[in-house]
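If you read the protein sequences in the order shown, they are chains A and B.
The first sequence begins at 1 in the working numbering and counts up by one.
The second sequence begins at 364 in the working numbering and counts up by one.
To be clear, the hints were calculated from the coordinates, so they are not data collected in a lab.
Keep in mind that a hint or two might mislead.
[To be verified] Once the Cα atoms are required to be at most 25 Å apart in a straight line, the calculated DSS-like pairs of lysine-lysine come out as:
1. B:Lys484 <-> A:Lys52
2. A:Lys75 <-> B:Lys407
3. A:Lys52 <-> A:Lys75
4. A:Lys351 <-> A:Lys303
5. B:Lys407 <-> B:Lys484
6. A:Lys168 <-> B:Lys407
Bear in mind the structure is a predicted one, so any value in this text is a computation, not a measurement.
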Amino acid sequence: MTLSVAIEHEQGGFRLDAAFECGEGVTALFGRSGAGKTTLINAIAGLARPRKGRIAFDGEALLDTQRGVSVPAGKRGFGYVFQEGRLFPHLTVRQNLLYSRLFDRRPHPAGDFAHIVELLGIADLVDRRPAQLSGGEKQRVAIGRALLARPRLLLLDEPLASLDVHRKGEILQYLELLRDEVRIPMIYVSHTVEEVVRLADTVVLMSSGRAVAVGSVEEIMGRPDLRPAAGVFEGGTVVDARVIGQDMAYELATLAFDGGTLVVANLDALIGEPVRVRIRARDVSIALEPPRRISIQNVLRGKIAAIGAERSGGVDVSIAVGGMMLRSRVTRRAMHQLALAPGLEVYALIKAVSLDRSGAGRG
Amino acid sequence: MLLTPAETGIILLSLKVALWSMLASLPVALFTAHVLARHEFPGKSLADAVVHLPLVLPPVVVGYALLLLLGRRGPLGSLLEEWFGIVVAFRWTGAAVACAVMGFPLMVRAMRLSIEAIDPKLEAAAQTLGAGRLGVFLTVTLPLALPGIVTGMLLSFARSLGEFGATITFVSNIPGETQTLPLAIYSLTQAPGGDAEALRLCVLSIILSVAALLASEALVRRASRRILGYDAVGRD
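Take these sequences, add in the hints, and give me the full structure.
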């Protein structure tokens, strides 16, 4: 599938002028609040009508202001999961889930309902009213309701924003399930790095109404120049890896990546599973010799590739470790004491406990 | 308190007039309320003012305007008689028309408030699930506005039971045809020795109005409990 978007819109002094293309998997519309993410996803859904532009899905024009084409929201075949769930309060959970069938003449596959209800763990809730559900339950029902309309693309607008930390983790797991098992393409609006790192394949970085960069998660998250636009004040490295060992006794997982292995604390994943880890630059220390008798579990040998500009007393050092470019943030004094310079062979030290669940997810 | 046949006749006529005026204005009021609540258009404030006019005008003005418009020689009245053979002037149907016009702003107001209270985001969600305009209205807007719609209907019904000025001006005070409860009370107070009978009708009128208001409260509670799963009225 390919969704191509090129629209211009103006709303109350705010200008949106965005163009990008995306394909299978999860595409994150990522950026700070007020970057125009919601306006953009509403335009894709057909809830907002841009002044000018074209939106096409697999070549089929859904919006083409030049030719006066504008397919209504209900006929685009996109599911939409809103920030606040938006369940119909006058209907039961079951009626909410089956709502789209009132307007869908296609024959629906047998067992569709039972399958999705079971997948999302909401079988026990179907006879309740939305008012009797918790925030996490509401959001699962909202996802189920969107899926039962059998969309060809699922749009999600910060679906975790109104949930507490526990529920966030719970819903993230379900979203991973949709990505890996239902394999439905998704467009996911978020301003949270962790969510994007965990879920997305492609990132569209939005800033002041423009799509400033499109690329893989590793690429976009790794570019220091994009950090202000992303609202990511902490530099870091996104690593794609695979679980090769689980130490049950110590609750440590060993991950293999292009350039070595990483030991990670408390990661809930099976051997062989792909995972993605974000290593914050400030959690990476640099040594000139392999340290001995030290608690740090990850010592990676690499070569300094570049040293970034000085910023508030610190510098960003890029270290090539195999095929990975690891970022480390050290003080200016440390840089001078160790005489760090491009080409120097160094050891990067990373505490295993700094790579916990919040920074790691199934990739 | 046993009713005389004359009293029963007056009450049945009043109920008939009130019921028909309520039913006739229902679709028009619902449409008007939806337009005022959900659409922006030039001249909206003017339209809003016109809707509210019967609330602020002297009822006698409304009645006289209806007489000019819908009387047998009025521009609308003559067309109605010519094309459909319908005459409302000096008939009970005319009394229903007068009551409908007088109760219209109350009905629109209640409905409009309840439609405005519905989160438009729910209607947008319905659109993304395949509903068209009519689908959204029938499955989301209408059921969620039901308590307000019931309130509006009952307010209009109660207003019709008490309507006097517009009715007497438009269709006069004809016993058995247009003489509703308030008009009958008025006639009795004008006649010598009618005081006792007038008092009986006043008590009847109070009972009817209180019953209508209580019924409306109960209906709204039931509707909101059925629709929302909880008692919205009790929470206010």
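### Task
Please flag the earlier hints that this structure goes against, numbers listed from lowest up.
Of the numbered hints, 2, 6 do not hold.
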